[in-house]
Amino acid sequence: MEGKKIRAVDENARLICDDALTEVFHRLPARSLACCRLVCKSWLSVLSDLHFIHEHLSRGQQKLLLFANDRVNDRSLAMVLADDKESMYQLSRPMASRSIFVHNSCNGLLCLGDSTGAVELLNPMTGESLVLPMPMYTAGSSQFSSCNWHCLGFCPGTKEHKVVHFYPGAHIDSFKMLYEIYTIGDKVWRQVGSFHGAPTDRGVHVNGTVYYLTKFRYIASSRINCLNLESEKIDVMMLPPRESYGGHCSLTELEGRLCLLVVDGALEGPPRTMDILMLNSDDKQRWTPRYHLSLPWLMPTCYFTPKHTLFHDGKIWVQLLARNLYCYDPSSSSEELKMAWPELDFPFSTHTFIESIVPLRKDYFIKQIQ
Amino acid sequence: MAAEKGEKGAAAKEVAGERMVTLESSDGEEFHMSEAAAQLSTLLRHVIEGGGIDNGIPLPKVAARTLEKVIMYCEKHAKAAAKSDSDPSAAAGSSSDNTAAASEDLEKWDRKLVNGLSQDALFDLIVAADYLVIDGLLDATCRKVADMMKGKTPDEIRKIFNILNDFTKEEEEEMRREYAWAFDD
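Chains as they are written, first to last, in this note's numbering: chain R, 907 to 1276; chain G, 146 to 330.
Calculated directly from the structure, the hints in this document are not laboratory data.
It is possible that some hints are incorrect.
What the hints assert, rightly or not - If we take Cβ atoms under 8 Å as the criterion, some of the chain R residues that face chain G in the derived model are:
#1 E929
#2 S938
#3 C941
#4 L944
#5 V945
#6 C946
What the hints assert, rightly or not - A few chain R residues facing chain G, derived, Cβ under 8 Å:
#7 V930
#8 R933
#9 L934
#10 C942
#11 K947
#12 D1235
#13 P1236
Model, not experiment: these values are computed from the prediction.
Glycine included, each C-beta is placed from N, C-alpha and C at the ideal position.
Model the full assembly from the supplied sequences, consistent with the hints where possible.
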């Protein structure tokens, strides 16, 4: 190291000015950028700039990520459905006998959980991961738990990523929920507060707010609790008025907006149709009926809420059963949800995913990076 | 218009009914370009609008061989834009096929232009497109460089750009260790 001239470029090197280099970087996928970070320190500096990272992310295409644990080969597998060319790539990671699952995905980061209740953030493009400090409550941690779940979100104003953890209060029967928040960069979780309204299902993050459906007493409540990630306060929103919510509702994010999925339900019969209502993003009060799908004859009962309903490549993708992915094409004349993929060998979960190089490290050996 | 040396005098002169602009490269060569083509450069557009171009526009940052390519690009695109504007079938519904084919041809032409350049010439063209603020040319050239970099290892990229690796061995190892996920394509 001594005697080595610290020069980023050779005398014969061709220099492209910073602006042009940034223009080139914007036209590269996240995977290539992750590689470019290793070329030299000045490139690492450009690629660690949060403004660049988020601009690049905003130009990215939303993809579909299927996450599964492949026990046979002892690995966790993420299959990313790329664009119209039906291409797909796989990312695999040794499982190390842990049964991990994905809570949710945001800005190219995956929020992972396991049965011990531990939480980890992972950027599969860069390979960086961050293990969070142990949360307050860990019992019953699972992908489907509605009383103990984590949600990763992003504050557009402060450009911070936060993980929210909702867990039950002291008495499981009470309808009080506690929540703690971990901001990336912090050392500990912050106990923020408690709120009335136990979730009927896991929450959904849409553009800086985490939403979840609440139950009150034994009736499906007509309320949505909204946690604003910046103020960290909860507001309540009413569901759109309807003759009945005899079937089941759940929340999801489609096209950047909060959506309500209502499965048609005569309580005794199989679910037949699903209505998708979209919340107006301007006033956050009005709901617009957006799609109406007919469901395949799969479920014997009406106790069904689609676990994952996502928008990708102009279509609506719905995961109905643990191993089946269905798809609805709004541009086609049929209202039917069609099978999109042959049944997989293992159960999986579906998430919208954008490739990014959002960092999970605070430092990159470069003193001038703040 | 081909480069015409020795044409002194008013830069904005009429040639075959078109207003022309004179540009001077960093190595003193004079080039002529139609004003319509010059409009593709935001920088030139502002200079022209601001007046004061009687003696030509000096471009100390752009060498002759690069300026030649810039003019080729701008003239081609300006002609294509003029053609589609004056297309008589533009009003009718049938134009969508024509415009799609025309823009595909233009893209092919762009690709041919950047593919035919040496790396040095390509980088020079990027700098020129950035300086002159010609969005389409900047896009085509940057995409070409991006394509050269896709799927390459850091070492291969360093060779392309002649960049010295200024990471220490330890730093590099630590960064590579972060690649917990392997890629199977």
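Hint-by-hint comparison with the structure:
Residue-level restraint check for E929/R holds (minimum Cβ-Cβ distance to chain G is 5 Å; threshold 8 Å). Interface hint status for S938/R: upheld, as the beta-carbon distance to the closest one in chain G is roughly 5 Å, under 8 Å. With a cut of 8 Å, the hint placing C941/R at the interface with chain G holds, because the nearest CB-to-CB distance is about 6 Å. The beta carbon of L944/R comes within 4 Å of a beta carbon in chain G, closer than 8 Å, and the hint placing it at the interface holds.
With a cut of 8 Å, the hint placing V945/R at the interface with chain G holds, because the nearest CB-to-CB distance is about 5 Å. At a threshold of 8 Å, the smallest CB-CB gap from C946/R to chain G is about 5 Å, leaving the interface hint in force. Checking V930/R against chain G by beta carbon gives a least distance of about 5 Å; that is within 8 Å, so the hint holds. Checking R933/R against chain G by beta carbon gives a least distance of about 4 Å; that is within 8 Å, so the hint holds.
With 8 Å as the threshold, the beta carbon of L934/R comes within range of chain G, its nearest partner Cβ sitting at about 5 Å, so the hint holds. Annotation: interface hint on C942/R holds; nearest CB of chain G at approximately 7 Å, less than 8 Å. Interface hint status for K947/R: upheld, as the beta-carbon distance to the closest one in chain G is roughly 5 Å, under 8 Å. The beta carbon of D1235/R is not positioned within 8 Å of any beta carbon in chain G (closest approach about 23 Å), and the interface hint is therefore violated.
Given the 8 Å rule on beta carbons, the hint for P1236/R is violated: about 22 Å separates it from the nearest Cβ of chain G.
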